[in-house]
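Peer 1: Please build the complex by placing chain B on the supplied structure of chain A, with the hints as guidance.
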Amino acid sequence: MIGGTALQSILLVSFLLRLTLHCHYPNLTFGLDDLVEFSSPMTSYKSLLESFFILNHTSNNLYDGGLIHQQPLLIHVLSFFYVDNNLLLLSIIYSIVDIIIALQLIHINMILFPNDTGSKKYLPGVLYLLNPICLLSNVSKSTIIFPNLFLILSFKFILSSLLQNLNSSNKLNIISAGVSLAISSYLSFYPIYLIFPICSVIYNINKQITNNVSNTNYIGLFIIVTLSTIIGLLVLSYIINDLNWNFIENTYLVTFSFKKLIPNLGLWWYLFIEMFEMFLPFYHSVFNLFVFALILPFTIRFSSYNKQNTGKNINLILMSFWALILCLGWITLTKAYPTVSDFGFFISFLPFFKPVFGYMKYPILSVLLFLHAIVLSPIFYHIWVNLGSGNSNFFYAISLVYALSIACIMIDLVWSILRFEFDDGKPNYNARLTQL
Amino acid sequence: MALIEVLHRRATKLGLLPKVIGKLSIVSNILVLISIGLILCLPLDGQYRRTYISENALLPSQAYSYFRESEWNILRGYRTAIEALIDKPARVRNEVISSWLTDFGMKHAVYDNAADGDTLYGVYNSQRGDGTEAIVLAVPWYNTDNEVNIGGAALGISLSRYFSRWPIWSKNIILVISENPHKAMKSWVDAYHNSLDLTGGSLEAAIVLDFPSKSEYFEFVELYFNGINGELPNLDIVNVAISVIEHEGVKVSLQGLNLSEMYTSSYFNRLKTLLFGVKNSALSGTRKLYGNEAFSGRRIQALTLKACGTEGHDITTFGRIPEAIFRSVNNLLEKFHQSFFFYFLVAPRHFVSIGSYLPSAVCLSISFGISAAHSYINNQYITVPLSDNSSILALIIFFGSIAISFIFLQINETFLQPHLMILAFLLISFLPLTNIPQPLITIQPCLSYRLKSFAFIYISLVLTSLLVMNFALAFGMGLLAFPLTFTKSCSEMITFKSKVINCFYLAISNPFIAIFIFVSIFEDDITNFEVFSDLISSFKYMGNWTWAITCIGWFTTWQMVYIANLDTPRSALDGDTKKNL
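Protein chains in written order, with this note's numbering: chain A, 10 to 445; chain B, 542 to 1122.
Isolated chain A (complex conformation) (with noise of 0.2 Å):
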């Protein structure tokens, strides 16, 4: 068991405090649930409202009305804690889902960087609980909180092999991390990207262990696990939604083909309102693909040495993790639906990337510009869409600066990287690469 009281207390409090707010103040969740900005059509809280009573209530497919975008596992689960319309165990279940994710964050910082002491052992999961954007992501009940746990709770087990010299309980923590992510891609399927970086976090730590013995079989094994266990999960939504394979079109294939014409923080939403039919195939592809476009290149150019260097300082790991949070940022950034609870969950990372702070060149402005998108973003959708004296121009090129803030964040990550890996590990704060 990890944590000193001091952190315990923070874990009481916060969960304390989310627990407080679920239970009362639901119209708190219900106006979070109505902003653009904490809920999509895949992870509202009222659409899962509704299947429970279609589930309870009518001998209905869930999937018949259109309404129903979240997987049929995750409403089956849930539905099992929402007894007689009594919300206090679903409250339960969201507010330790927070706990568990911030216990992970402090998990895999103690993995990461075993030199930390004291208090600064635990700022990450403290970061996320008291981050107001987690806080809120939270307290809208949106369902993005599940993928988000397992997609963590998948790092971690990685990252956990890495104490382990038994290879045993090393094959056990692949196995998991291999699960995690098949839940995770199977409730909200970008997570299912990640698994190229992910093998090689794998094969980087494998090489550090075992000293360059073979290690394909480990990520041969992940693999496996992980595919097999998403065609297990996909076979049985088969099986408890009436042997029938129409979630598969309510729940991936609308986000593939955009085809819920809401507006959200995405970068996308906008060229489709109006379009001639016959691009629209093209335009699903290309901005599909181009979620999946930097996946490859970010987890190839960062975890492999650059070969002028000596690279003996580098901690590879760090790097490919780092490619991993990478991955997960362009992610939050081009994915189809996203919300801010997606940009809370990214940027709980951020502080995993402490060596490289000091390189970083304006993050004062990339603050700045998602503190004002944040800020207009409901006001523009208020102007446009309740006062009619805006368009959605206004609210779109709000997002555009929401996006801008997210790329802001990832650049002057990526700089920082390999400004890092350039000095070789030690930094050098005072060395001028470019002119600007």
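Don't take every hint at face value.
[Claimed, not checked] The list that follows gives simulated cross-link-like pairs (lysine-lysine, DSBU-like), each with its CA atoms no further than 30 Å apart:
id : chain 1 : residue 1 : chain 2 : residue 2
1  : A       : K216      : A       : K130
2  : B       : K560      : B       : K1081
3  : B       : K1040     : B       : K564
4  : A       : K363      : A       : K435
5  : B       : K560      : B       : K648
6  : A       : K130      : A       : K165
7  : B       : K876      : A       : K268
8  : B       : K564      : A       : K370
9  : B       : K1081     : B       : K829
10 : A       : K269      : B       : K876
11 : B       : K554      : B       : K820
12 : B       : K1040     : A       : K370
13 : B       : K1081     : A       : K370
14 : A       : K216      : A       : K269
15 : B       : K876      : B       : K648
[What the hints assert, rightly or not] According to the in silico footprint, chain B covers these stretches of chain A (three or more CB under 8 Å from chain B):
id : segment
16 : 130 to 136
17 : 374 to 386
In case anyone wonders, no lab produced these hints; they're calculated from the structure. Ideal Cβ positions, reconstructed from N, Cα and C, are used throughout, including at glycine.
Peer 2: Quick look at chain B alone, frame taken from chain A:
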């Protein structure tokens, strides 16, 4: 790109960037000057544009208006009958008027509201339309000056009677006779959208009639269109109204200005119209409410037509104006969307659009941002990391100030003592002159700079978010709060005089003192101290956010800068400063 590269190299060679960064406070002041300059430029020839009707379907005054002499007799009849009703209680009055509406076949109902006054309204279902859209003809029984709106009421009823005999309407027509143009009208609009049984579809436009004189004649029309929270009706409907009024040979006055100022085209007259527009929009909800404000926030394009003077044109001319506007709106197939929603009129037929005036408020917002950067960068504490205790303490003070502002927001208008409040804030502002706070609070210089930095970035964010919603408020608030950035830290102040000036800046940028001074100088409608109770009551009843924004945006910033000014120079630190300078 080559040119940019050359310029960039030249700038690097001259060390321009460090020089500019060293003078950020001056940059910030220059931006404010630019901001004011931009506003002053707007009434110049070539900066404003001639208005035009953007939506082709409107076709103002293309149809002949028939509300003429034959209707005059009916109107006179109603007026005589209404004169008899003046002293009767509202219930009796509504019963009598209801019977008239029944006579010409208008469905009617009374919205009971014991607190704000009952409202009688009637719905005439159009013959051609599908009944999903409606145009409102609203008549407050007492107008904003508490005069009985005799002419308006008579006109409203006779116009409804006249409209109901026509088969041309494709939108329902709703006649609303409310007790007053503010609370009662607003509560009716709210009830219409929430609870009323008799409705006529979504309200597209609303025309409020105000004809308080008993005379048969009027001289000119005053047009009011400023909504709550900086909202404006679509420029198209304002253009239609002005074009219809002028088509009838009547002159129109905007923002309650003189006719001579409207119709002699000179730079200063245009500037006056523009500035009055900004002022009235910023104070809208606090000033007199003419009736159109009640329709704000619900996508209803609302105007108030007020007849002024007692001779000239006859009252049927005043009736033909809403008639022609109704005919125009009746043509619409879509909601108003074509023309501008953000604009300022500099003359009845000339306007500036958002693209021209927004930069000035943007400049103000940026200048606060630059001031924030100035207090962060240009002192010896830049090396202190952002995760330092002073930043965290500044954040805690920030949240504390917001909490105090929220408490302030809860003050009831009856509980409020504006005289005492102003006096208290004056005293508090000059408190740093004395030695009283020093033993109680010691603010480290580093914390002082951080506080200022956070405060300015906060108000910059507030102004930016206000920009598009409520330009006038953002601009006014930015200008009045700007003296905050002139305040200096203790280490920069040596003489007693500079301390006095510092406290003076604090005093004049205090939101309450600043609003008080502004209103007493520039606003005739509001008697000095009443502005605060007006602000609070319009926040409570009219959905006007000005008071909330003043408290949470401006007052919070002021508190933070005030606390920052309590910093205590220490002899050791003084030595440091001298070395660094």
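Peer 1: Each hint needs a verdict: does it hold in this structure or not?
Peer 2: Hints versus structure:
For a cut-off of 30 Å, the pair hint linking K216(A) to K130(A) stands: about 26 Å separates their Cα positions. Distance restraint check for K560(B) and K1081(B): the Cα-Cα separation of roughly 49 Å exceeds the 30 Å cut-off, and the hinted pair is therefore not satisfied. With a C-alpha separation of about 22 Å, the suggested pairing of K1040(B) with K564(B) holds against the 30 Å cut-off. As the CA atoms of K363(A) and K435(A) are separated by approximately 13 Å, the hinted pair is consistent with the 30 Å bound.
For the proposed pair K560(B) and K648(B), the alpha carbon gap of about 74 Å is over 30 Å, so the pair is violated. Distance hint between K130(A) and K165(A) is fulfilled; the C-alpha atoms sit about 15 Å from each other, no more than 30 Å. A threshold of 30 Å between alpha carbons decides the hint, and for K876(B) with K268(A) the separation of about 27 Å falls inside it, so the pair holds. Distance check on the hinted pair: K564(B) and K370(A) sit about 22 Å apart at the alpha-carbon level, within 30 Å; holds.
With a CA separation close to 16 Å, the supplied pair K1081(B) and K829(B) stays within the 30 Å bound. The suggested pairing of K269(A) with K876(B) holds, with an alpha-carbon distance near 25 Å, which does not exceed 30 Å. For the hint linking K554(B) to K820(B), the alpha-carbon distance of about 46 Å lies beyond 30 Å, and the restraint is violated. Restraint check: the Cα-Cα separation between K1040(B) and K370(A) comes to about 38 Å, which exceeds 30 Å; the hinted pair is violated.
Proximity of K1081(B) to K370(A) is assessed by CA-CA distance (about 46 Å); at most 30 Å being required, the pair is judged violated. A hinted pair counts as satisfied when its Cα atoms are at most 30 Å apart, and K216(A) with K269(A) does not qualify at roughly 45 Å. For a cut-off of 30 Å, the pair hint linking K876(B) to K648(B) stands: about 25 Å separates their Cα positions. Given a C-beta distance limit of less than 8 Å, the hint that chain B covers the segment 130 to 136 of chain A is violated, as 0 residues qualify and 3 are needed.
With 5 residues having a beta carbon nearer than 8 Å to a beta carbon of chain B, the segment 374 to 386 of chain A meets the requirement of three or more and the stated coverage holds.
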